Amino acid sequence: MKSPLLTKDPYNIIITGVGGQGNVMASRVLANMLVRRGCKVTIGETFGMSQRGGSVMSHLRVSATTVWSPQIPKRGADLIVAIEPVEALRVLADYGNPAVKVLVNMRPIYPVGVITGESDYPEPEKIRRAVTALSAAACFLDATEEAINLGNPILGNIIMIGAVEGLGVLPVNREVFETVIREGMPASRIEANLRAFDIGAAAVAGNC
Amino acid sequence: MSIDNEHKEGAEVLFMGNEAIARGALEAGVRVAAGYPGTPSSEIIETLSRSAKEGSLYVEWSTNEKVAMEVAAAASFAGLRSMCVMKQNGVNVASDFLLHLTGSGTRGGMILVTCDDPGALSSVNEGESRHFARLMEIPLLEPADFQEAKEMTRWAFTLSEEIRNIVMVRSVTRMSHASGNVVLGPLPPAGGTAEFLCDGPISDPEQGPIISAPVAEKHRLQQDKVRKAVSLFEKSLFNTYTGPKKPELLVITSSACRLYTREAVSMLAAEDRVGILKLGTTWPIPPALVKRYLTATEKILIVEEVLPFLEDQVKILAAEQVRETGIKTFFGKNDGTLPTTGELNPDLVAEAIGRILGIEPKTIPAAYGEKLRMLAGLIPRREQTFCPGCPHRASYWAIREALQRDGRGGFVCGDIGCYAMACLFPAAGFYTCKTLHAMGSGIGLASGFGKLGSFGLEQPVIAVCGDSTFYHAAIPALINAIHQDANVIFIALDNSGTAMTGFQSHPGIDINAMGNASPMVDIAALCKAMGAPVVVEDPFALKETRETLNSLMEGGGGLKVLILKQSCALSPEKKGKKRYLMQVDELLCKGDACGCNRLCTRIFRCPGLLWDRNKGKAQIDEVICAGCGVCAGICPAEAIRCEEAPVS
Ligand code: SF4
Ligand code: SF4
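Residue numbers (numbering that gives the first Met the number 0), protein chains in the order written: chain A, 0 to 207; chain B, 0 to 647.
Everything labelled a hint here was simulated from the structure, so no lab data went into it. Treat the numbers as computed from the prediction; the structure is a model and nothing was measured. It is possible that some hints are incorrect.
Using 30 Å as the maximum straight-line C-alpha spacing, the simulated DSBU-like pairs for lysine-lysine come out as follows [as the list claims (entries may be wrong)]:
#1 LYS125/A / LYS616/B
#2 LYS290/B / LYS361/B
#3 LYS125/A / LYS100/A
#4 LYS577/B / LYS527/B
#5 LYS576/B / LYS125/A
#6 LYS577/B / LYS450/B
#7 LYS100/A / LYS614/B
#8 LYS125/A / LYS73/A
#9 LYS614/B / LYS564/B
#10 LYS7/A / LYS361/B
#11 LYS73/A / LYS298/B
#12 LYS7/B / LYS73/A
#13 LYS234/B / LYS244/B
#14 LYS73/A / LYS361/B
#15 LYS370/B / LYS125/A
#16 LYS577/B / LYS100/A
#17 LYS234/B / LYS361/B
#18 LYS7/A / LYS614/B
Pair ranges (Cβ atoms, derived) [stated by the list, open to error]:
#19 ASP141/A / ARG272/B: 23 to 33 Å
#20 ALA375/B / GLU174/A: 38 to 48 Å
#21 GLU174/A / LEU98/B: 52 to 62 Å
#22 VAL321/B / LYS7/A: 19 to 29 Å
#23 GLN403/B / GLY183/A: 24 to 34 Å
#24 LYS542/B / GLU144/A: 30 to 40 Å
#25 ASP141/A / LYS244/B: 53 to 63 Å
#26 PRO187/B / ALA63/A: 51 to 61 Å
#27 THR178/A / ALA375/B: 39 to 49 Å
#28 GLY615/B / GLU144/A: 35 to 45 Å
#29 LYS227/B / PRO97/A: 32 to 42 Å
#30 ALA73/B / ASP141/A: 41 to 51 Å
#31 ALA92/A / VAL321/B: 18 to 28 Å
#32 GLY183/A / ALA73/B: 29 to 39 Å
Yeah, the Cβ is synthetic: ideal placement off N, Cα and C, and Gly gets one too.
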């Protein structure tokens with residue numbers, strides 16, 4: 000296999016969201032796509048307690064040559080994919096830097112503290128402003144709404160994977176996405192996933 | 000995904016560390032694998048169970064780690080390759096048997112895989128299993144990447160057969176739950192016959208009975224085995240060195256810490272100043288090899304998680320060899336260069352190396368730092384909580400109500416499982432749960448509290464325990480509470496599965512790890528047979544559950560059992576299916592004027608319920624709500640409506 004072309008080595012991606020949003024699945028699909036394109040990928044993840052309403056973060060290190068630490072150093076993200084908006088801010092606070100690109104699904108999942116009134120959830124406008132200020136490029140999607148239109152909110156994570164492809168920063172494409180999901184998914188679900196992928200890709204292409 | 004059929008030799012695939020360990024075992028021809036679920040170890044047995052087949056691989060979820068080790072040992076005694084798998088504190092449970100097993104020795108290659116959790120990312124302890132290797136005098140291997148996790152596991156079986164003793168392989172969360180590329184090796188043919196040869200003399204390790212006595216003789220033999228392992232470690236390819244011939248600083252490290260160290264050195268651009276000696280064989284460390292590298296430098300930093308384990312060994316070696324290697328300066332845990340609690344990461348290691356070598360870490364532009372300030376106060380905390388539709392939220396609600404009504408300051412002793420969140424994030428259990436320790440300790444502590452009446456303790460004592468935990472460790476304590484006539488209400492939170500770790504089977508379920516039908520052991524029947532009065536309720540019936548609990552509290556002393564039976568919201572039969580369609584009737588919801596103090600969203604706190612600040616009314620989030628219907632029983636104004644969902 001030919002060495003993949005990367006804009007930076009290792010290229011550091013953080014996929015973040017809330018337990019139950021399909022974060023882990025998204026990171027696995029993207030990583031498998033990259034492995035098929037000849038990359039060495041290291042994913043750092045923690046499951047367990049984080050599944051129950053907590054913040055979830057997957058660190059992906061993409062390299063042409065070798066395995067890297069499963070934890071990205073602070074301020075070291077090249078791309079942040081947030082399936083939930085305040086999680087984008089949470090990750091930027093630790094891993095943001097002037098060169099980072101950020102994709103955000105704008106559908107909030109309210110923390111219990113917000114539901115109870117102990118803390119406030121920031122206005123969407125404030126979130127956009129902060130993400131834009133703290134990144135080199137930012138794109139905001141309504142992935143959950145689009146996914147509900149497709150019949151299942153969980154497809155929001157696949158829309159975000161499509162968005163990553165649309166950015167054009169990684170050596171992945173629709174074809175390799177299809178190969179990867181065909182391996183791990185019943186045939187009946189492929190169609191909806193491909194549509195989700197296309198929606199994400201189209202939303203970002205030329206916009207970010 | 001099954002890791003044997005689809006993946007052919009030579010293929011390069013993305014594997015989780017735990018999958019790599021499982022594949023290594025398959026490539027070694029493991030025949031029996033047993034374990035008890037526990038994060039971060041569970042995926043090893045789960046992955047193997049998908050490859051299990053009659054006559055070629057037997058896999059089981061045992062009732063606890065000690066039993067798992069015994070089951071695996073039996074296979075080894077009968078000449079088969081076997082393994083047992085557990086999380087760090089599982090080794091504590093298995094350790095009594097382990098002590099005797101290491102004395103008696105093994106036959107077929109047998110390995111113990113432990114997955115530690117530095118930083119307690121999904122544990123209530125960060126205990127380390129490495130120290131057991133020294134305590135029990137058995138070889139310890141620690142993989143430092145995914146490929147190595149596979150190779151090392153495979154080789155561990157060979158080593159075990161060579162020395163005729165169990166070999167320990169230790170992983171950590173950041174290996175087990177991280178993923179990376181792995182190139183696959185060949186799988187051996189299936190098959191293997193089991194026979195326990197035991198008619199020979201006691202001194203015959205091949206044909207005699209297998210016992211740890213006579214101790215003087217067996218212990219001496221065991222130490223010979225360790226010496227043999229050390230001689231193999233001296234030449235092991237799992238120990239590697241990268242860096243200059245005479246480094247300014249030598250880092251000795253192992254496991255995930257090796258990846259952090261490499262990253263740190265690259266962050267500091269110090270590749271030509273720092274050498275990294277990565278040890279894969281970490282007990283005992285190979286003295287000749289380590290001595291060689293000690294000689295090459297003056298300054299040594301040991302990078303490991305959590306306590307100084309390598310550090311102690313290296314220092315002892317250096318002291319013994321000081322004439323030859325010269326005087327050294329050591330950095331590590333003891334001098335405070337690195338913390339002795341929590342997990343490490345590249346930043347912590349870079350900071351440590353930077354301090355020793357006088358390298359300033361790179362910083363971000365000041366303007367960016369300025370901008371980061373705009374995040375202040377913008378990011379709400381995200382506390383963990385029970386899933387929407389979780390039966391535990393309902394159970395704790397009933398317990399809270401009952402305790403309030405009772406009014407004597409009763410409390411709950413917690414145990415290990417999802418329901419432990421009630422102790423960790425008290426709001427999740429309505430502040431009812433007050434102790435949390437080891438598996439089964441809830442009822443053990445309650446048994447003790449329940450005998451303090453004669454010293455004036457008048458508070459009602461409740462212990463909660465999940466179904467899997469019940470079988471694992473609660474039974475002896477429960478028997479004790481019954482026999483001692485302790486005043487305790489024992490509540491079994493039976494959600495029909497090991498929910499916390501992903502629905503592994505347990506003795507209360509009629510299907511085993513291999514997917515075959517298997518006899519069930521019924522909690523209620525067992526408790527009745529032990530002589531305890533037993534009541535079963537559905538925790539979703541809030542009122543009935545509360546009333547039952549109050550009448551149990553009012554009744555006389557002794558141990559009483561209440562079983563709260565309702566499946567986990569994530570259980571395969573429930574997940575994604577709503578039983579009820581929920582709606583808040585805006586006309587009935589009185590909002591802040593209700594006087595209920597927003598019972599639904601402020602106290603009950605199911606994430607499926609939202610508070611619409613503009614309207615000042617509760618609302619259902621239909622994406623999150625699991626449709627369990629429980630909140631309808633919470634609202635005093637009956638504003639939360641539930642309607643049977645159409646069956647799809
Ligand atoms: S996984 Fe099941 S038992 Fe655990 S919090 Fe969620 S619903 Fe409750
Ligand atoms: S019905 Fe009520 S309690 Fe049950 S999941 Fe929905 S909002 Fe939560």
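Cross-check of the supplied hints:
no. : hint                            : result
1   : LYS125/A / LYS616/B             : holds (24 Å)
2   : LYS290/B / LYS361/B             : violated (34 Å)
3   : LYS125/A / LYS100/A             : holds (18 Å)
4   : LYS577/B / LYS527/B             : violated (34 Å)
5   : LYS576/B / LYS125/A             : violated (35 Å)
6   : LYS577/B / LYS450/B             : violated (44 Å)
7   : LYS100/A / LYS614/B             : violated (37 Å)
8   : LYS125/A / LYS73/A              : holds (24 Å)
9   : LYS614/B / LYS564/B             : violated (37 Å)
10  : LYS7/A / LYS361/B               : holds (18 Å)
11  : LYS73/A / LYS298/B              : holds (27 Å)
12  : LYS7/B / LYS73/A                : violated (38 Å)
13  : LYS234/B / LYS244/B             : holds (19 Å)
14  : LYS73/A / LYS361/B              : holds (11 Å)
15  : LYS370/B / LYS125/A             : holds (13 Å)
16  : LYS577/B / LYS100/A             : violated (38 Å)
17  : LYS234/B / LYS361/B             : violated (39 Å)
18  : LYS7/A / LYS614/B               : violated (49 Å)
19  : ASP141/A / ARG272/B: 23 to 33 Å : violated (50 Å)
20  : ALA375/B / GLU174/A: 38 to 48 Å : holds (44 Å)
21  : GLU174/A / LEU98/B: 52 to 62 Å  : holds (56 Å)
22  : VAL321/B / LYS7/A: 19 to 29 Å   : violated (46 Å)
23  : GLN403/B / GLY183/A: 24 to 34 Å : violated (49 Å)
24  : LYS542/B / GLU144/A: 30 to 40 Å : holds (38 Å)
25  : ASP141/A / LYS244/B: 53 to 63 Å : holds (58 Å)
26  : PRO187/B / ALA63/A: 51 to 61 Å  : violated (33 Å)
27  : THR178/A / ALA375/B: 39 to 49 Å : holds (45 Å)
28  : GLY615/B / GLU144/A: 35 to 45 Å : violated (25 Å)
29  : LYS227/B / PRO97/A: 32 to 42 Å  : violated (57 Å)
30  : ALA73/B / ASP141/A: 41 to 51 Å  : violated (57 Å)
31  : ALA92/A / VAL321/B: 18 to 28 Å  : violated (48 Å)
32  : GLY183/A / ALA73/B: 29 to 39 Å  : holds (36 Å)
This entry does not satisfy hints 2, 4, 5, 6, 7, 9, 12, 16, 17, 18, 19, 22, 23, 26, 28, 29, 30, 31, going by the numbered hints stated previously.
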